[in-house]
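So the chains spell out like this:
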Amino acid sequence: MNSEATFFMPPAISTYAGDVDQAYYWIYYLSVFLFVAMVGAMFYFVIKYRRKNSLEIPSGPQHSTVLELTWTILPFFLVMAIFLLGFKGYLKMAIAPSNATEIHVTGRQWSWLFTYGNGVESTDQVLHVPKDHPIKMIMTSEDVIHSFYVPAFRIKHDLIPGQYSSLWFEAKEVGKFDLFCAEYCGTSHSNMLGKIEVMEPKAFETWLEHEHEEQNKAVAPEVLGQRLYTKFACVTCHTTDGSPRVGPSFKGAYGRTEKFTDGTSGVVNDNYIRESILQPQAKIVAGFQPVMPTFQGQLKDSDITALIAFIKSVK
Amino acid sequence: MSAIDTEVIANAKIEHAEHEHNPHLAHHFSEPEQQISAAKLGMWAFLAQEVLFFGGLFVALMVFRTWYPDMYRAASSQLNVPFGAINTMVLICSSLTMALAVRATQLNRNRQAFWLMAATVLLAGVFLVIKYFEYSHKFHEGQLPGHFYTFKEIPFDNAHMFFGIYFCMTGLHGLHVLIGMIVIGWMMVRAWRNEFSSQYYTPVECTGLYWHLVDLIWIFLFPLLYLVK
Amino acid sequence: MTVTTFDPMHVPTEAQSSPNFLESAHGIKSWIFTLDHKRIGIMYLWSILLSFLFGGIAALLVRLELLTPQKTIMTADQYNQMFTLHGGIMVFLFIIPSIPASLGNFVLPIMLGAKDVAFPRLNLLSYYFWLTGAALILTAICTGGIDTGWTFYTPYSTRTATSVIWMGLGVFVLGFSSIFTGLNFITTIHKLRAPGMSWFRMPLFLWSIYATALIQILATPVLAITLLLLVVERAFGLGIFDPKLGGDPVLFQHFFWFYSHPAVYIMILPGMAIVSELVATFSRRPIFAYKSVAYSSVALAVLGFLVWGHHMFVAGTSEFSTVLFSALTFLVAIPSGVKLFNWLATLYKGSISFESPMLYALAFIFLFTIGGLTGIFLGTLSIDVHLHDTYFVVAHFHYVMMGGTIFAFVGGLHYWWPKMFGRMYNELAAKIAFAFVFVGFNVTFFTQFILGSRGMPRRYYNYPPQFQTLHIISTVGSWIIATGFIMMAIYFLRSLRHGKKAPDNPWGGLTLEWHTHSPPITENFHNTPIITHGAYDYEHPDAKAFILQTQGKI
Amino acid sequence: MSTTTHADDSSHKHTPHVLPLRIYFGVWVALLVLTAITLAVSYYDFGEGNLIIALVVATIKATLVSLFFMHLFYDHKLNALVFGGSIVFLFLFFFFTLADTTTRGQVDPANGVFVNKHLQQKPSDEGHAH
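Residue numbers (this note's numbering), protein chains in the order written: chain B, 1 to 315; chain Y, 1001 to 1229; chain X, 2001 to 2554; chain G, 3001 to 3130.
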């Protein structure tokens, strides 16, 4: 099946994307036909039967049982057929093949964390998957509802805090595709973006092993800190190039004296950074909104130390 | 012209004569019967609205009951069944006195209606006092919704949810009882002033309908909250 | 004083002198304490038009922000508050009360041949509930705004730092305003029909408003309890919707959509109500298959309760309920289709004129057909997985809510404006404004179908650059719409003072509001009308004479 | 309804429908007895049967109150329709919501399963009395 993007639809990469597009275009052409027929009839009638004489009183049929029954019963069968079409496609999406590889997804404000079977965790908001192999995503959220949406795969499902949900897909082509959060989740909802990188199965294996080794290696704290910085998508709000986003930039932040929204001021030091990660609402730098979620329970003490080392290193 | 139209014209003439006589007939109604049935239909529609209003809480109750049956059983056993049962009886009695009060106004007996409604208010007061004792016990034990829950003896971590629903439902119901007492109190004043008669008792009747609905809701609340087995 | 049907009601000469409802009393008190349904309707009208203005400004700002993929004029937080405001104001303050409480309040009793609604004081109370709700929403805006979207999804709404409690209370109160309106209308239609006005002689407007009122009574209380629970959840940590405490956020969505899907029919049914009137009057034909149009209104109201789950196909509901709701959703297409087909059949062999109200009715048919057909895409399970929460959904409901309800509302406003204020507006200006609104609407929202199909998620402040061209077109469209509405405001306001005096029946309508003066007297009719024929009986031997006599053209 | 008409002026007066006292007291006694029955049944364990019995008895009580105390039995049938209708719609609300909440995870066990499983059944250790 053709995987190129069409006028309405993005490229069709997953195995069931073709079915979705087929249903979409089937209904699309039906709709165009019905629309042209109905609006065409409307234009025809209003022109043909326009008022020619301000005194005329027209007379015409006031009901027709045959017609009424036709346009009640015929649409019923039509829409039921469409329902079955959608139902068939949905069944395919709902039931994952038994040989699917499981990958865990955790959504949080505002980043994605992917955890592979061997314990490897994604560090850069990119989900790596092998081509031609079914992948089942086991998903949950740590704070509010998010939604895992890959337009090229025609797949979407909400991540619900406190519950697991799942979806599956099998990519047919190698490439990098957009991953969106589709359920409104707050300030940086539109920055909760990721990528899906579909790789040749061999390349995927190599990548996974490489990551496994890398992540188990002892590294310098600021390197670990940088990894955490991308893993938790701190970059969504805090840049390292000095430009403010939702929160202040990390560039040169360490050691600087900041004014807070409550009127006090203080130096950005280890204690302040630790407090800001665990109780973000305690002291807000003036000019910013108190929107940062807490990372209490998500970061170990050593992680926080590493992050502090990283922020120190951004000059 | 059909027969119906001639009848109606006759009717329209009567309507004009009627206007002068009946002080309770609003200008946009043509006869008392129409006004009374409109008021009652409006009241029933209001009660229908109340059913759906409480309905949301009943749905929440059932959903969590199907999810956490054991927690429900354990938490429900903390409720005081004798108090609940007595309160059920109290409300049933108050429904009776209210129904009799409506009947009294139908028979032009304003004084009798006054005392029957006084009894209704009194019983409603008894209901609230008993509720107060139940509530203060729960407050004391820390059997409270959400973050305020401090009770330790139910071996389920989310037992606070049962008490959350319990307080929402009984609290909202209690609020309805309170509003009912105020409205019935107002009807008592009007009965004392001899305002009602066999020709004009709709306000009392509608108040009665409201009061019976409050009773109806409790009839379902009692087994669903107190008698979970 | 026998009154036959096609005698205009103002025939008795001594009654000619009685003042119309606008002039019968003066001063601010005569308005704020009024029990006259027409005055209450007009107070509602100005209030909701003001809300429409604010909601519209918010919409323009949202569109302006989306001109570029990054920041254009506001921050992400401001943007989130802006689209929430747009949605909240438009849905709760404007569309839901728009047709029933303003136009409906004005014409419903007149169409029935009644002097007022069944409970005039409740009617006034409902208006003050609306004002209270508006004030509470204003408080929410002033105390930190609100950024949950108009859907208040938990647990976001229980965590955000914004004024959810004020907003929740505001919508709670607005809910009761809507319930009281519905309750009033149901009772009025049952009990205050004029002599001879049997159910099947009622104008179809009343059937639709009746169906709307049923939903208002049966669905709105669930919204009220949902918001109450949300407020309690925020204030006391109740936990029913909070997964951290063992609750279920998806349950909130069930509660919310049990109201908010039927609410879609609270919005669209009155739109259909107006279109039935317009199509009949401007084609001088009874609505084709009157009974099936009447029943389809009630069918929509009932079916509207059975499909709410289609808002939750990817939200974590069970597969069983997903399939069940999808199947039921398709049934809604049938009564909607029946209405469209019947309107088309009414045009057949009509005598169609193109005054501005009729243009809006024809635009409604055009736009609602698109809105309805795109609904089929969204009801289809496999396609909805892709389209859910994208701009496709945004475009779809704007085609239904704006292309449907607002076009019908504006059409109805043009239709009854002469009746309400006794003045005509500039017809040419109205036609030009219509062209702007219609073209602008399609430019704005049709592009969004394409955006959505290509995967643009909704409620996005920033967006990937590949979507920019379409966003620019859409934003330009929003300016075209705004131009049309500004023109409309000007010629309407002008007509209040300078408009030509309106005849009693400028369009040649037959329903009862055209039998009385423009504007009507306080009691609507000098004598109770007596109905001997169907609502649109143009073929009645007296109909032609009646139109000639009341249209003021001879 | 306004289209109904009356032949003479006297029937224009409203005649209230007064029920005999024994109906009121009869219903009252029945309600008290039914309350006692619910209470008694709750001391035995019939499993799911308890809920069903409790609901059936409550429904009988509610029917008695609405038919007699609220006069629905004698009233305009429309009022009964309005009230009954509201209960039908409440039932729809129940049915469709439970149709979801009770069937989650049936197709794919990974769907709709609570992460905080301990909330469902796990007894907490601290402060356990016995």
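Among the hints, a few may not be true.
[To be verified] Below, in silico cross-link-like pairs of lysine-lysine (DSS-like), each with a Cα-Cα straight-line distance of 25 Å or less:
id, chain 1, residue 1, chain 2, residue 2
1, X, Lys2544, B, Lys48
2, X, Lys2244, B, Lys231
3, X, Lys2349, X, Lys2544
4, Y, Lys1152, X, Lys2244
These aren't lab readings, by the way, just hints derived from the structure by calculation. Since this is a predicted model, take the numbers as computed values, not measurements.
Subject >> Satisfaction of hint between Lys48 (chain B) and Lys2544 (chain X), Cα-Cα up to 25 Å >> reply: holds, 22 Å
Subject >> Given pair status - Lys2244 (chain X), Lys1152 (chain Y), alpha carbons within 25 Å >> reply: holds, 19 Å
Original post:
Is the hinted pair Lys2244 (chain X) and Lys231 (chain B) satisfied, with a Cα-Cα distance of at most 25 Å?
Top reply: holds, 24 Å
Original post:
Would the pair Lys2349 (chain X) and Lys2544 (chain X) pass a check requiring their Cα atoms to be no farther apart than 25 Å?
Top reply: Answer holds: Lys2349 (chain X) to Lys2544 (chain X) is near 17 Å, not above 25 Å.
In this structure, every one of the numbered hints holds.
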